[in-house]
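Q: Residue numbers (the numbering used here), protein chains in the order written: chain W, 133 to 504; chain X, 6 to 294.
In short, the hints are calculated from the structure, not lab data.
No experiment lies behind these values; they were computed from the predicted model shown.
Glycine included, C-beta positions come from ideal geometry on N, C-alpha and C.
A portion of the hints provided could be inaccurate.
[Said to hold, decoys possible] Restricting the straight-line Cα-Cα distance to at most 25 Å, the calculated cross-link-like pairs of lysine-lysine (DSS-like) are:
no., chain 1, residue 1, chain 2, residue 2
1, W, 227, W, 371
2, X, 291, W, 227
3, W, 424, X, 155
4, X, 99, W, 424
5, W, 378, X, 291
6, X, 103, W, 497
7, W, 502, X, 103
[Said to hold, decoys possible] Chain X residues, not near chain W, derived (Cβ > 10 Å throughout):
no., residue
8, 28
9, 30
10, 56
11, 68
12, 70
13, 86
14, 168
15, 240
16, 253
17, 254
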Amino acid sequence: MKIFVFECAELDNLIAAIKRRRFKVIGPTVSDSAIIYAEIAGASDLPIGWTDEQANGSYRLKRRDDNAVFAWNAGPQSWKKFLFPPVQKIFITNKSTKGFDSQNLGEQTPGESRYAFFGVRSCELNAIAIQDKIFLEGPYIDPLYRQKRAGIFIVAVNCSQAGGTCFCDSMQTGPKAVSGFDIALTEILDDKRHCFVAETGTAAGEEILASIKCTKAADEDITEAKRITDRTRVQIHRKVDTADLKNVLYQNSEHPRWEHTAELCLTCANCTMVCPTCFCTTVEDVTDIGGKQAERIRKWDSCFMLDFSYIHGGSVRASVKSRYRQWVTHKFASWLDQFGTFGCVGCGRCITWCPVGIDITEEVKAIREKQT
Amino acid sequence: MATAPDLQSLKVDYKRNPMLPWPFQIRRVKRETEDTFTVELEPQGDLEEFPFLPGQFNMVYVFGVGEIPISISGDPANTRILIHTTRAVGTVTKAMDKMRRGDILGIRGPFGTPWPINQAGGKDVVFVAGGIGLAPLRPALYEVVTHREKYGKVVLLYGTRTPNDVLFRQELEHWRARFDLEIYVTVDRAMSGWRGNVGVVTNLISRAPFDPRNTMAFVCGPEVMMRFTSMELHKRGVDNEHIFVSMERNMKCAIGLCGHCQFGSFFVCKDGPVFRYSQIKDMLVKWEI
């Protein structure tokens, strides 16, 4: 690991240097009154001078009185939509005289260029690592995910302020990026200067940094970067007490709190759609109007949908209570048994985007405090 | 976590994209009962054999209509013919019901954990089936019949709705005629001419001829039937570790990626469908897990 410093004005050159290496650079942009990850041409596409205010069921962009580039937190969409798109074709096949023409079944053609993710927060790096476990560690591997995931380049950003619904600190997933990046930036913005402390995670990251104007970080730069992430950590006021949480949830499957929250929950599935780790999908088999060509399409699905658990005769999880319980128990209990990690990274999106403002940290706390 | 699937013994090409169905041609369709039928399929293209283990299932695809999980009901010793028995109840099975000899179906599989029949050597083997639950047990029955000398007493307890709903009738009669197999059939509702048992299948357990202390039991049927059957077997003295059940949940991918079949921390498609009763006993009594 090496640590460098570069001026804010050099950010555009950093993006250009990545693009020169045939990456499609995806970064934060301001779009539809939200921070949305999309392809960026240069630093001017970034949300310079913007921040967001987040609370239970509320998200608002606000202008800042400075030119901070990364002074915002997790927006409605995570990086998941690039590695694991919401709608994906699994195959196309043509009808033949006796069935279907299997010759036409095949993997989709690979995309022309690899992704570079620019501005990935620590919670999001952890979410990507969790989805890697799900899709790449078998026994079966998802060929569609593997194809998109291979060879991506990641520029992480350490959070310089906490969002209103963040709880990464208690999930041990932030606010400072620890691994899973090529370069990790910390933005320093004060009266004297606007610059970035850049830590390298890989040789590829080091090589790219070497191609822009930067200098070796001084001790005070490193100290300042640490002070910034420490300050962010202190700002986080929500938390999940993870001690023995798996057993707490397994043992409280009939806790009255589930019924209480089911009264509020609209089963709209927003929480699962914004969640950067949720991985459930359904498939749709469709034909063209002539019935000659058929496709299978994979789409994000949600355990909040009534038909998610449908087997002949009815749904296994018919009540709202059982669906809410399934989601929370999966995140904080069964995920551990399945993948050896929590299914939550504390990004707070499910709290922000819940239309009735249900706070998963409060729910877990309520169950823990009054165990049945 | 679950019963370790003996997948090593199968020549499954995991490098092949597990999301793509393979074409199989229908060689024969056999009507079992009014609403249940059996299809015999032959692999097409360069796939000549389709080895599987008793208790495993496939995802069966009808062109443009959809794909569903169906357990394999044929003889594992015959790897050239794939057999599925299903009831025409949903969109896909109704479309299958209209298909004839020569038509092509798509198959992905085989998936899931098998009945651990290889651990039952020297023991009495009890099969308890409810309705269509006999189909996933039949491959294990074939295995036991083929290597009959390896096992102690072999008992099949089978409950179905009416005498007209009895599956694999000829085969059952043939097996019943053997002196080394004990076959008991019971129906929920009898009609004139029925001389067999009437009532739920759990009623047969207390009288069935097996030594509970040296028995492996394989149970397949509706969830509630499997729950009460397992409790009854346990009451008779069969160890919970020696009772196996086959779970059913909604499935889209069958490879542990779509999330639909979750049952507590298990993915029924890859950790099951066959579970040791002791693994899931506590979950079977929880509502809407």
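Q: State for each hint whether it applies.
A: Now the hints, each set against the structure:
Simply put, residue 227(W) and residue 371(W) have alpha-carbon atoms about 55 Å apart, too far for the 25 Å limit, and the pair is violated. A hinted pair counts as satisfied when its Cα atoms are at most 25 Å apart, and residue 291(X) with residue 227(W) does not qualify at roughly 45 Å. Restraint check: the Cα-Cα separation between residue 424(W) and residue 155(X) comes to about 52 Å, which exceeds 25 Å; the hinted pair is violated. A hinted pair counts as satisfied when its Cα atoms are at most 25 Å apart, and residue 99(X) with residue 424(W) qualifies at roughly 20 Å.
This hinted pair checks out: residue 378(W) and residue 291(X) have alpha carbons roughly 17 Å apart, not beyond 25 Å. Proximity of residue 103(X) to residue 497(W) is assessed by CA-CA distance (about 54 Å); at most 25 Å being required, the pair is judged violated. For the proposed pair residue 502(W) and residue 103(X), the alpha carbon gap of about 56 Å is over 25 Å, so the pair is violated. Listed as outside the interface, residue 28(X) is inconsistent with that label: its C-beta sits roughly 4 Å from the nearest C-beta of chain W, within the 10 Å cut-off.
Residue 30(X), annotated as away from the interface, has a beta carbon of chain W within 10 Å; the closest lies near 7 Å. With a least beta-carbon separation of about 17 Å from chain W, residue 56(X) lies farther than 10 Å from that chain, consistent with its non-interface assignment. Not every CB of chain W is more than 10 Å from the CB of residue 68(X) (nearest about 5 Å), against its label as outside the interface. With a closest Cβ-Cβ approach of about 6 Å to chain W, residue 70(X) is found to fall inside the 10 Å limit, against its non-interface label.
Once the 10 Å rule is applied to beta carbons, residue 86(X) is consistent with being away from chain W; the minimum gap is 18 Å. Consistency note on residue 168(X): stated as away from chain W, and its beta-carbon is indeed over 10 Å from all of that chain's, at 23 Å minimum. Taking the minimum C-beta to C-beta distance to chain W, about 26 Å, the non-interface status of residue 240(X) holds against the 10 Å cut. With 10 Å as the threshold on Cβ separation, the claim that residue 253(X) sits away from chain W is violated: the shortest Cβ distance comes to roughly 6 Å.
With 10 Å as the threshold on Cβ separation, the claim that residue 254(X) sits away from chain W is violated: the shortest Cβ distance comes to roughly 6 Å.
Of the numbered hints stated above, those contradicted by the structure are hints 1, 2, 3, 6, 7, 8, 9, 11, 12, 16, 17, listed in ascending order.
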